[in-house]
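Position chain E relative to chain S; hints supplied.
Residue numbers (the working numbering), protein chains in the order written: chain S, 3 to 220; chain E, 15 to 248.
None of these hints come from the bench; they were simulated from the model. Certain hints may be false.
[To be verified] Result set (SDA-like, lysine to any residue): computed pairs, CA atoms no more than 20 Å apart in a straight line:
| # | chain 1 | residue 1 | chain 2 | residue 2 |
| --- | --- | --- | --- | --- |
| 1 | S | LYS126 | E | GLU99 |
| 2 | S | LYS139 | E | GLU156 |
| 3 | E | LYS19 | E | PRO211 |
| 4 | S | LYS126 | E | SER106 |
| 5 | S | LYS63 | E | ARG238 |
| 6 | S | LYS159 | E | ARG238 |
| 7 | S | LYS126 | E | ARG102 |
| 8 | S | LYS159 | E | GLU142 |
| 9 | S | LYS126 | E | GLU156 |
| 10 | S | LYS126 | E | GLU142 |
| 11 | S | LYS63 | E | GLU99 |
| 12 | E | LYS184 | S | LEU79 |
None of the values given here were measured: they were computed from a predicted structure.
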Amino acid sequence: MGLTKEQIAQRISKELKDGYYVNLGIGIPTLVANYIPEGINVVLQSENGLLGMGPFPEEGKEDADLINAGKQTITTLPGSAIFDSAMSFGMIRAGKVHLTVLGAMEVADNGDIANWKIPNKMVKGMGGAMDLVAAAKNIIVAMQHTNPKGESKLLSKCSLPLTGIKCVTKIVTDLGVFEITADGFRCIEHAPDVTIDEIKAKTAGRLVIADDIKAVAV
Amino acid sequence: MSINKVVAGADEAIKDIQDGATVMFGGFGLCGLPENCITALVKKGTTNLTCISNNAGVDDFGIGLMLHKKQVKKMIASYVGENAEFERQLLSGELEVELIPQGTLATRCLIAGYGIPFVPVLAGVGTEVAVGKETVVRNGKEYLIEEAFDAEFAIVKAWKGDTMGNLIFKDTARNFNPLMAMAGKTTIAEVEELVQPGELDPNMIHTPGIYVHRIFQGSNYEKRIEQRTVRKAN
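Same shape as in the complex, but just chain S (with noise of 0.2 Å):
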């Protein structure tokens, strides 16, 4: 048993600075929002045009005008700003938001990415990931370790099409945490019954554990 979704949400929000300005994908990242410490003001980007991104509306509250980049209704805070989708976008480039937190399919151990599809099999398109991974200086990928199938998704080069090269920072999953290095992946921490002969059979790429390595702390 290693982490749960709401653990890896947990453990990805102790990455949260005071101030920080976050853009968080679909799946487990939105779960991040949940876990936001106590003390810490961030600031929620949606790339469809808001900054400030409230929770759900109140039933009977829901307004089709406004929506987030994942297409659920949401609401606004004191303080929101709503924009068009090049500003949008244009922070993002420019380096402002300053931690994206996204799933992945696959991650490669020089960094590389790949979110977006498969072959012959899943065409929905790239949406705004591409542009967060190419700009994005800070950017923590969510994911399960292995697929349905008990494959890593760790490995030394991605099959399938990339979404962005070289641009994954850290690895939150179920297995523990993971740092992108010139050596490869470097686990940092190892979920609380996880060994780390476990995680050196799941990974398929470069990986050193860390001298200094930890439990996770959920």
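Frame of chain S; chain E shown alone:
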């Protein structure tokens, strides 16, 4: 007397959009869609359209309605999930599709409206998006050269507009609308509320009327919600 861009309605606004035209549609998902003009295009039956829009609607709403009638030859978009008919036409080869990163899509509209022919962007470098594209290197970094869009028509939806074509958008229904309004050679705006010049505060205008050629007050907006998410009242 002021310049007056008002047309009677959607049918008149789109009447000269011919088969084979390239048309931009504002909106993100189903939010901020020019519903009246899409309905009018479906009724008119214009075919072989090249549509530029962030998404392709869902099966029975938005651009999905035109896909269903096989009016679209080519779709240029960033994300086309949630649409079974789209996927069927794509896999069967009936529909041509160009997927481009969302920020690149927005920026190609922006530069068209700013009179800038091309722009270097990082998004897509090293991916299949880069295939066949010119690149430029600055300070050791590689960029793709992306071209301004060249679309005959842009159709946008605004919250309020005046008879001179000045537009104000509401909430995240703004999205691509002001960008596409700038990018069209002929821009058609449908608005929820059409007012006289002077009724909108000049400081609050998102799209100056110089970019808008035709405007009308739409009706019967459905404003469908794609993902209705709510929380319990406190």
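key: Hint check against the structure, violated hint numbers in rising order   = 6, 9, 11
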